[in-house]
Amino acid sequence: MVSSDPRFWEPWSIAGDAILVGLLGTGVVLLIRRLRHATVATRRAFAPVLVTAALGLLGLCVVLAMDAAGLQTEGSVALWVADALYAAIPLAFLVGLLRMRWRRAVVADLVVELGSAPGPANVRDAIALALRDPTLEVAYWLPDAERFVDPGGQAVAVEETPSRAVSMLEHESERVAALLHDPSLRDDARLLDAVCAAATLALENVRLQADLRAQLAEVRASRARIVAAGDAERRRLERDLHDGAQQRLLGIRLALQLARSRVPGDAPKGTESLLADADAEVVAALAELRSLARGIHPAILTEEGLAPALEALARRAPLPVALHACGERLPPDVEATSYFVAAEALANCVKHAHARNATIEVARRNSCVVIDIVDDGRGGADPRGHGLNGLRDRVESQDGSLVVESSPGAGTRVRAEIPCA
Amino acid sequence: MRVIIADDAAVVREGLARLLVENEVDVVATAGDGQQLLRLVDAQLPDVAILDIRMPPSYTNEGMLAAEQIRQDHPTVGTMLLSQYVEVSLALRLLTDPAERIGYLLKDRIADITEFVSALHRVASGGVVVEPTLVDELLTARANPDPLAVLTPREYEVLALVAGGKTDRGIAAELVVTRKTVESHVRRILAKLDLPEDTAENRRIHAVLTFLRHSRTGAASSPRP
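The listed protein sequences correspond, in order, to chains A and B.
Here the first sequence stands for residues 10 to 430, where the numbers follow our numbering.
Here the second sequence stands for residues -3 to 221, where the numbers follow our numbering.
Among the hints, a few may not be true.
[As the list claims (entries may be wrong)] Here chain A is said to cover these stretches of chain B; the calculated rule only asks that three of the stretch's residues, wherever they fall, bring their Cβ under 8 Å from a Cβ of chain A: (1) -1 to 9; (2) 14 to 21; (3) 45 to 56; (4) 64 to 72; (5) 100 to 112.
Please keep in mind that the hints were generated in silico from the structure rather than gathered at the bench.
Computed from a predicted structure; not experimentally measured.
Virtual Cβ for every residue (Gly too), placed ideally from N, Cα, C.
Make a model of the complete structure from these sequences and hints.
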């Protein structure tokens, strides 16, 4: 009976409405305060609740205002909308939570992405995307130099500032890298931790790859240095032989000549022929020494260049060799490699291919020197033969390539391409 | 005959000087490098300057440059270049038209002192001396097709002697034929090889050497001097 009197219920209804407005208002204010300092991620997660609650509050205010103005609110659109909005608040919470969970699922995507496209730029972009922080920077730790560098290798200062937070990435208690990011990302610590864990693995891979590349570059450089040092040593040996032993032997020949011209008529029998024999021995020694010096490093290559050296090589060859070479001088290591390729290939023409004719062609093509040695022999050369392998090592030490085409019965073509600016 | 010897190896320089003196050649001075040689040649004006192609400081072509300087400054001074190995392009550079009073020999040749002294005399009297192995190397193992295949064996023999710097008279003596026979051989050879007929023997040497070089490497078929 009491309940049927609207006047009895009126104060309670007003109080209920006031409490509702107060709760909603407090919730909205708290949410706004929280969101003002929250990460983009948190903001996005709580946004559905905030929007729903704020709209619900607005609807309630409209209904109360209508009440106060004495308008009929029962069954009105405003009341219906406000009620629907209250009911939607738990749903909005659910949506927000799902969005949070979806954010964490992003970490799984991150792992997949980092695994499929490694590389410093990709890693940074993927992390920045996962954390929704476009200002994110990755600083790589160099253990030997004990400092952080950017992907370009420039040193970077890694320290906390009010506008920058630093998250250290460590793998098996070894420092790998540091993320420099928006401090607000700390609010979602679980997301940040998960992304950091995924990134650590990826960055460790990147670092290992960079290490490997650096080591490979160093090995390459050292191989080139070894070849260059070998060449320099060969040149020095050749010069020493020329300026030392060869001149001395020639001096001995001159002295022997003098001695022979001074042998008196009454000298013991055979003196003259002994001197002649000695001279013949010195002549043979000189010839051997000259051939040795030429094999070590032909002087003509150093002094006159590739074309004259190849010309001399062709002249000495026991088969007719047609030579087409431009006369321009090239860097010493390029000339030496080209020469040794031609010399070895030509020696093979004679020794193994039983060729009747050979052609040597040297041409500049783009930024390469291309040298072709072609014969009309029996072919079937083993491209992995010892001599050719040594040549390949030498050519590759200068980032060049060596190709051997040798089908049985179709002759042999050895082609070396050596980069030459 | 007055000569100056330039060689950085004292053992060779002094040994050669003593041998030449024994063979009645007047060695007026010796030098250890190209610069010293040029000063001595300016002061002494010898008949022939004997010099190694490789000398200090760079041991590349100082001798070559010194020889060119001498030939430019003192056309009456002969030059005898000695080289450790046969170098065709360098030899041809030396034997440019009009090549005269010049010799190019392997260094080993100095040990055969009688031949070497006669070569010096040829240079001193305006002739050209060409290292025989240079001619040999140019003549053997040429690229196909062989333009020299058209020559008879006798003509081939004469060609080698021409290339080696021999005069018609010298060739006649060597082959024991008359000078007229040699002259007709030479005319036929030059015609067959499409080389210009030139009465100046030194120019003829150059033309033949250039021809041999190009036919050897296949770089060109019939160069003209």
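| message | Need the list of violated hint numbers for this structure, in ascending order. | response | 4
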